[in-house]
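Number of protein chains: 2
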Amino acid sequence: MKYLEPLSRQVRLSDGAIPEADAVQERRLSDLAGLFADEAAESELIASNPLVYRVYDAAALPKEDGQLLFSTTVIQSGRVGDEFFMTKGHYHARADRAELYYGLSGQGILLLQTPEGRFEALEMVPGTAAYVPPYWGHRTMNTGEEPFVFLAAYPADAGYDYGTIARDGFAALVLAGADGPRVVANPSFVPTARAPKG
Amino acid sequence: MKYLEPLSRQVRLSDGAIPEADAVQERRLSDLAGLFADEAAESELIASNPLVYRVYDAAALPKEDGQLLFSTTVIQSGRVGDEFFMTKGHYHARADRAELYYGLSGQGILLLQTPEGRFEALEMVPGTAAYVPPYWGHRTMNTGEEPFVFLAAYPADAGYDYGTIARDGFAALVLAGADGPRVVANPSFVPTARAPKG
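As they're listed, the protein sequences go chains S and E. Counting from 1, one number per residue, gives the positions in the first sequence under my numbering. Counting from 1, one number per residue, gives the positions in the second sequence under my numbering.
Bound-form chain S, shown alone (with noise of 0.2 Å):
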């Protein structure tokens, strides 16, 4: 029996980077292009082409069911018109697949859309343990003035489906508002309504 070793990460509680991952995937607002709904602010906003997130992939596990992959995500707090920096968002490859994020620093919200474009929001601050169940799309975004970032952990073979989402759009939008963060349907969002695959 050859056995996997174990293995540790420290995450720098000061930013949220994970000096060892083994990979960092760096999101600039041109990577997002066409996802924000304000599309002349995002057109302005790309001449400076600033960091949108980093996410920081822990350790390279086998992508097999019952391993398990994490990582941490740092979103940069900002807005393209009123609507707040955010990541691409995804289905799992696996739509059967679950997530579980935990905040550790600054706030932010966890969209999530079903297929057919039902839609929920969840609050996260640190502290905050916010569970993807299967078959749902997210998205997270920084709704504050600080740096926002969590832990996620996911099954190793659940893969990503970001194409859907590019293709349709998220069933909701998080605007800046004078009373706070609103969460508003999205009035260009297709519902996708594809039978998820089980």
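Fair warning: there could be bad hints in the mix.
Repeated chains share a single entry, so a pair holds when one copy, or any two copies, can fit it.
Unchecked claim - When the alpha-carbon atoms are kept at most 16 Å apart in a straight line, the in silico EDC-like pairs for lysine to aspartate or glutamate are as follows: (1) Lys-2 / Asp-96; (2) Lys-88 / Asp-161; (3) Lys-88 / Asp-168; (4) Lys-2 / Glu-116; (5) Lys-88 / Glu-146.
I should point out that these hints are in silico values taken from the structure, not numbers from a laboratory.
Dock chain E against the given chain S, drawing on the hints supplied.
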């Protein structure tokens, strides 16, 4: 399609409790009788039967492949003889299931063993993400002066095998020493050397 609903649980950062937990498991020393190496010290301390740890099971979710369960564990500071307060320790009933721990406060050690008796010790402080690979038995202990609190996430179908460690013991002991915690081989450990299921 019936979807599970998204949910969140707030971890109380002051003490690691989850006030909305689905279940709380409380383990006093009498629940761990026979697990500590110093039998005389254990017998003496059982008279006052101190709290050793609590586990806050965050949410009742289906125990199905693809789902994740999550919890916090709060281990009190204390010793039985020279041995630090610790959890019972377990293998997963589905031994090919991994687990992720994330240190929230205090300090401790994640001790792991293979059924053949090889052991590893990972130090945990706030911000340490520690990975339990499939097939490794695992136990945690508080090596500090404050409660040791960590978050755990694991596949919902992993299940628990407490019996093997209750019967055979753990391959290593973590003892208090003048220069800090010492991880030493347990002379009374019986290697289980069971064939891992998977």
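Hint check:
Only between protomers do Lys-2 and Asp-96 lie at most 16 Å apart by alpha-carbon distance; the minimum there is 12 Å, versus 29 Å within a single protomer. In this homomeric assembly, Lys-88 and Asp-161 come within 16 Å of each other (Cα to Cα) only inside a single copy, at 11 Å, whereas the closest approach across copies is 40 Å. In this assembly of identical chains, Lys-88 and Asp-168 lie within 16 Å of each other by CA distance solely inside one copy; the values are 12 Å within and 49 Å between copies. Taking the shortest Cα distances, Lys-2 and Glu-116 sit within 16 Å of each other only across copies (12 Å), while inside one copy they are farther apart (44 Å).
Taking the shortest alpha-carbon separations for Lys-88 and Glu-146, neither the intra-copy value of 20 Å nor the inter-copy value of 40 Å comes in at or below 16 Å.
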